[in-house]
Structure formats: structure tokens, C-alpha cells
Amino acid sequence: MITQKFIDARRLLNLLIIMLLSSSAQASVDDSPDALTYFPIHPDIVTNFVKEKSSRFGFLNIQVQLSFKNKYLTLIELHQPIIEDVLVMHFSSLTEAEIKSIEGREQIRLDVLKMLQDTLKEETQESILEDILFTKYMWQ
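The sequence shown lines up with residues 150 to 289 when you count with this note's numbering.
Possibly wrong hints are sitting among the right ones.
What the hints assert, rightly or not - DSS-like, lysine-lysine: derived pairs with alpha carbons at most 30 Å apart: (1) LYS202 with LYS285; (2) LYS220 with LYS270; (3) LYS263 with LYS285; (4) LYS270 with LYS285; (5) LYS249 with LYS202; (6) LYS249 with LYS263.
Said to hold, decoys possible - Pair by pair, the computed Cβ-Cβ distance ranges are: (7) ARG159 with ASP280: 41 to 49 Å; (8) GLU252 with GLU275: 28 to 36 Å; (9) LEU222 with ARG160: 36 to 44 Å; (10) GLU279 with PHE208: 23 to 31 Å; (11) ARG160 with GLU252: 14 to 22 Å; (12) THR244 with ARG160: 54 to 62 Å.
Treat the hints as calculated values from the structure; they're not laboratory data.
Heads up, the beta-carbon is just placed ideally off N, CA and C, and yes, glycines get one too.
Use the sequences and the hints to build the structure in full.
Dropping the structure here:
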């Protein structure tokens with residue numbers, strides 16, 4: 150038989166665990182200017198590609214996350230239209246073989262990273278971008 154004291158102790162324990170987890174999550178966030186942060190490009194990049202063995206178009210949907218130091222957030226936000234343009238133009242020029250292969254996907258990521266680094270360096274005279282991630286990569 151469960152007593153009221155046991156129920157109260159269990160509730161208190163659950164509350165303490167929740168408080169501990171939330172405080173440790175908050176403590177792990179680093180707001181220093183040199184800490185890395187991730188910035189999702191919204192909306193997802195959606196484009197078409199020409200299928201090699203068909204006259205039909207393929208469909209590509211990619212979500213991109215940029216990694217950079219906190220101090221560059223305002224520059225990234227300011228240049229987001231240029232970033233999106235580079236992404237759309239590059240993804241729309243890809244072949245079906247590049248899009249569908251694992252090796253091709255990694256090469257696309259590296260190419261896009263270099264293109265964005267060069268573009269942002271030209272625009273800002275600073276090396277801003279550390280890395281990019283594809284957090285969604287769908288083709289059909």
C-alpha cells in the first residue's frame with residue numbers, strides 16, 4: 150500500500166530532478182563571443198534537378214545549419230539573403246548522381262562550405278563561417 154508520505158517524497162524527488170536537469174542545461178549554454186553557435190536557414194532550400202534517365206525533374210529539399218562564433222550572428226543575419234542565393238544557385242546546378250550518392254553529398258557540403266566562406270569573406274572581410282550541417286536532405 151502506498152502511503153501519502155511516499156507519494157509526497159516521490160513528487161519532491163521528481164521536482165528536484167527536473168530542477169537539476171534544467172539548471173544544468175542552462176549552465177551549459179555559452180554566450181561568450183567566441184563560443185560556437187548554430188543558425189538554421191529558414192525556410193528549407195527547395196529546388197529541382199534534371200533526372201539523368203528521364204525527361205522529368207527531381208526534387209531536392211535541404212535544411213542547412215550554419216556554425217559560427219556568437220560574435221558574428223548579426224553579420225550572418227544581415228547577409229542571409231546572399232547565403233540563401235548561393236545555396237539555391239549551387240543546389241539547382243547539381244546532377245542526380247551527385248545528389249544521390251553519399252560521397253557526393255559530403256562533397257556538396259564541402260563545396261557549399263567553401264563557397265559560403267568565400268562569399269562571406271568578400272562581403273565582410275572576415276572569416277565568419279566555421280562549418281555547415283545538412284540537418285535534412287531529401288530527394289525524390
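Results of checking the hints against the structure:
1. LYS202 with LYS285: Holds. LYS202 to LYS285 sits at ~25 Å (cutoff 30 Å).
2. LYS220 with LYS270: The hint holds at about 15 Å.
3. LYS263 with LYS285: holds, 20 Å
4. LYS270 with LYS285: holds, 26 Å
5. LYS249 with LYS202: The given pair, whose Cα atoms are some 14 Å apart, holds under the 30 Å limit.
6. LYS249 with LYS263: holds, 21 Å
7. ARG159 with ASP280: 41 to 49 Å: holds, 44 Å
8. GLU252 with GLU275: 28 to 36 Å: For GLU252 and GLU275 the Cβ distance comes to about 32 Å; the hint holds.
9. LEU222 with ARG160: 36 to 44 Å: Because 41 Å falls inside the window, the suggested range holds.
10. GLU279 with PHE208: 23 to 31 Å: The hinted range 23 to 31 Å holds for GLU279 and PHE208, with Cβ atoms some 30 Å apart.
11. ARG160 with GLU252: 14 to 22 Å: With Cβ atoms ~53 Å apart, the hint is violated.
12. THR244 with ARG160: 54 to 62 Å: holds, 59 Å
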